[in-house]
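Asks: If you want our numbering, it's the position in the sequence shown, counting the first as 1, plus 65.
These aren't lab readings, by the way, just hints derived from the structure by calculation.
Remember, predicted model here, so these are calculated numbers, not experimental data.
Check each hint, because a few of them may be wrong.
Cβ-Cβ distance ranges computed for the label pairs, FRET-style [what the hints assert, rightly or not]:
hint	residue 1	residue 2	range
1	P149	I248	20 to 30 angstroms
2	E144	K85	48 to 58 angstroms
3	H86	P145	43 to 53 angstroms
4	L75	N148	22 to 32 angstroms
5	T91	A167	23 to 33 angstroms
6	P149	K67	11 to 21 angstroms
7	D143	A77	17 to 27 angstroms
8	E150	Q79	28 to 38 angstroms
9	H86	P213	28 to 38 angstroms
10	S168	Q79	14 to 24 angstroms
11	L242	S78	17 to 27 angstroms
12	Q209	S168	16 to 26 angstroms
13	P213	L111	21 to 31 angstroms
All C-beta atoms in this analysis are idealised placements derived from N, C-alpha and C, irrespective of residue type, glycine included.
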Amino acid sequence: YKICELSPTLEASQVDAVSKHKDRVTHLRGDAEALPLPDRSVDLLLCNEVIADLRTARARRDDFNPISALVAPAGDGDEPPTNPETLEVIAKYRIPLHDAPASFFVNLGAIRFLEHIQRVLRPGGAAFVSEFGDLWRYPIESTQLDHPEFSIHFGHLQHVAMELGLRAEVVRLVDWLGMDPEIETLA
66 YKICELSPTL
76 EASQVDAVSK
86 HKDRVTHLRG
96 DAEALPLPDR
106 SVDLLLCNEV
116 IADLRTARAR
126 RDDFNPISAL
136 VAPAGDGDEP
146 PTNPETLEVI
156 AKYRIPLHDA
166 PASFFVNLGA
176 IRFLEHIQRV
186 LRPGGAAFVS
196 EFGDLWRYPI
206 ESTQLDHPEF
216 SIHFGHLQHV
226 AMELGLRAEV
236 VRLVDWLGMD
246 PEIETLA
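The whole structure should be built from the sequences, with the hints applied where relevant.
Replies: Below, the structure is given as structure tokens:
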């Protein structure tokens, strides 16, 4: 088993938590956006409640509308223009923006993480990624935490995963766990 962790504090906690299995566990210091694993080396990748902490970039709908670019020069308005990396990622993966509001967020770090998942999975390998978000809703910032986190637009991530040649299925956690739909839950 390999555990990749960016935070030294969390890594120390994980080393302690799995100490009785230390002969079978390797701890790697690294960022999910630059996953420090060799190509085609992973059979099963588990990522639970991580991707909301990755980079999120603000974008403007007008930056993707060629007619708007002719009418108003980039940078006009209340929002700064969309950064070049975000423009490149949206174009590369043909992310659909037909329902985008005037200003919106893109889960840029989560998309970069998907690129690494595609790179590190062995043929026949699988990844399980869980986080809070919706299939159609653009990312929104959580304000109840002591650090910034953004919800996930799973429709965009599913689209990117498929563009990368991965098979992607979005499943509500309550359905995946087989919970009784008649019982009210907080999600």
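Asks: All the hints need checking, so say for each whether the structure fits it.
Replies: Going through the hints against the structure:
Between P149 and I248 the Cβ separation comes to about 47 angstroms, which falls outside the hinted range of 20 to 30 angstroms. One distance hint, 48 to 58 angstroms for the beta-carbon pair E144 and K85, holds here, with the actual separation near 52 angstroms. Between H86 and P145, the C-beta spacing of about 48 angstroms keeps the proposed range 43 to 53 angstroms intact. A beta carbon spacing of about 29 angstroms between L75 and N148 agrees with the range 22 to 32 angstroms that was offered as a hint.
The supplied range of 23 to 33 angstroms is broken by T91 and A167, whose beta-carbon atoms lie about 46 angstroms from each other. Evaluation of the 11 to 21 angstroms hint for P149 and K67 yields a failure: the beta carbon distance comes to about 33 angstroms. Here the CB-CB span from D143 to A77 is close to 43 angstroms, at odds with the stated 17 to 27 angstroms. Hint check: E150 to Q79, Cβ distance near 30 angstroms, so the stated range 28 to 38 angstroms holds.
The beta-carbon spacing between H86 and P213, approximately 33 angstroms, falls within the hinted interval of 28 to 38 angstroms. In this structure the supplied range 14 to 24 angstroms is violated for S168 paired with Q79, their Cβ-Cβ distance being about 38 angstroms. At roughly 25 angstroms, the beta-carbon separation of L242 and S78 lies within the given 17 to 27 angstroms, and the hint holds. Taking 16 to 26 angstroms as the suggested C-beta distance range, the pair Q209 and S168 conforms, at roughly 22 angstroms.
Judged by the Cβ atoms, the range 21 to 31 angstroms given for P213 and L111 holds: they are separated by roughly 24 angstroms.
The earlier numbered hints that this structure contradicts are 1, 5, 6, 7 and 10.
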